[in-house]
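Can you build the whole structure from these sequences, using the hints too?
Residue numbers for the sequence shown follow the working numbering, so the first one is 35 and each next one is one higher.
Hints listed in this document are in silico derivations from the structure and should not be mistaken for laboratory results. Values in this document were obtained by computation on a predicted structure and should not be read as measured data. One or more hints might be untrue.
Distance condition first, Cα-Cα at most 30 angstroms in a straight line; then the derived DSSO-like pairs of lysine-lysine [as the list claims (entries may be wrong)]:
{"no.": "1", "residue 1": "259", "residue 2": "65"}
{"no.": "2", "residue 1": "122", "residue 2": "197"}
{"no.": "3", "residue 1": "259", "residue 2": "221"}
{"no.": "4", "residue 1": "219", "residue 2": "197"}
{"no.": "5", "residue 1": "188", "residue 2": "139"}
{"no.": "6", "residue 1": "139", "residue 2": "221"}
{"no.": "7", "residue 1": "219", "residue 2": "139"}
{"no.": "8", "residue 1": "221", "residue 2": "122"}
{"no.": "9", "residue 1": "221", "residue 2": "188"}
{"no.": "10", "residue 1": "221", "residue 2": "65"}
{"no.": "11", "residue 1": "122", "residue 2": "188"}
DEER-style ranges, computed between Cβ atoms [as the list claims (entries may be wrong)]:
{"no.": "12", "residue 1": "188", "residue 2": "100", "range": "17 to 25 angstroms"}
{"no.": "13", "residue 1": "197", "residue 2": "125", "range": "17 to 25 angstroms"}
{"no.": "14", "residue 1": "259", "residue 2": "87", "range": "25 to 33 angstroms"}
{"no.": "15", "residue 1": "151", "residue 2": "202", "range": "21 to 29 angstroms"}
{"no.": "16", "residue 1": "99", "residue 2": "68", "range": "16 to 24 angstroms"}
{"no.": "17", "residue 1": "219", "residue 2": "127", "range": "26 to 34 angstroms"}
{"no.": "18", "residue 1": "265", "residue 2": "124", "range": "34 to 42 angstroms"}
{"no.": "19", "residue 1": "259", "residue 2": "99", "range": "30 to 38 angstroms"}
{"no.": "20", "residue 1": "290", "residue 2": "124", "range": "42 to 50 angstroms"}
The beta-carbon is built from N, C-alpha and C at its ideal position, and this holds for glycine as well.
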Amino acid sequence: MTTTGQNVWFDLMTTDMEGARAFYGEVIGWKTTQWEDADPSQPYTMWTMGGDALGGMMALPEEAQQMGAPSHWIAYTTVADVDATVAKAMQLGGRTYVPPTDIPKVGRFAVLADPQGATFALLAPSDEASAPADRAGHFSWAELNTTDYESAWKFYAQLFDWKHRDSMDMGPAGTYFMFTDQTGKTKGGMSNVARQMGMPAHWLYYVTVDNVDQTIERIKRAGGKVLNGPMPIPGDDVIAQCQDPQGAFFAIYAHGKK
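The structure is reproduced here in structure tokens:
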């Protein structure tokens, strides 16, 4: 049985699928394969690592680009009932971008925005799905950079039954609020960074790598940017926040000062 509240799939909506494929292939080591059941008018490429499928990639629609939407990553969070969860999200102040929709052989999904505007997706999978493995090349952390983390937390806690794990004082940057999913594992954090930086609220997803410094070299060589870091975090780990050549934000994480 799939556990509610787990991020199990990660999609990149991009302005240049071939450029993104080359970038993440060089930087992270991902391979790609075409999803044969995709609509021919909307090709869908899947990301794989060590034979495991972990997400996908689609062209950012022209209409979205004209409305100012940038290339971006979005995670699919598991729920038992997409329709009921969408209804609850609307009651809590969320918005619906893509209504509940069936994907043959995959499940039912929807795309929403929380009350502060950060986008995320729901998935009720046809088959059992689990969170990514905590190893190099897989997503390992989800961070909400928002304008009001206390209100955002109330929204997500009611939607996914996430639990507060710990809070960390970041000085001038405010509080960093960490949470667990229903398995009891710490899965992410949230803070008011977006408000402080004058940015729209958004989710930032971290990929585990073997060595942050070496990965940064590859990011720069492949045309990406390092926006913040590398920097140590509690637990002797290292992170860096980055941007791919098409403008999508992502972050990297390594265990043990690497």
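The hints, checked one at a time:
no.	hint	in the structure
1	259 to 65	holds, 21 angstroms
2	122 to 197	holds, 18 angstroms
3	259 to 221	holds, 25 angstroms
4	219 to 197	holds, 10 angstroms
5	188 to 139	violated, 33 angstroms
6	139 to 221	holds, 27 angstroms
7	219 to 139	holds, 29 angstroms
8	221 to 122	holds, 22 angstroms
9	221 to 188	holds, 17 angstroms
10	221 to 65	holds, 25 angstroms
11	122 to 188	holds, 13 angstroms
12	188 to 100: 17 to 25 angstroms	violated, 34 angstroms
13	197 to 125: 17 to 25 angstroms	holds, 21 angstroms
14	259 to 87: 25 to 33 angstroms	holds, 27 angstroms
15	151 to 202: 21 to 29 angstroms	holds, 24 angstroms
16	99 to 68: 16 to 24 angstroms	holds, 23 angstroms
17	219 to 127: 26 to 34 angstroms	holds, 28 angstroms
18	265 to 124: 34 to 42 angstroms	holds, 38 angstroms
19	259 to 99: 30 to 38 angstroms	violated, 20 angstroms
20	290 to 124: 42 to 50 angstroms	holds, 43 angstroms
In this structure, the hints that do not hold are numbers 5, 12 and 19, in rising order.
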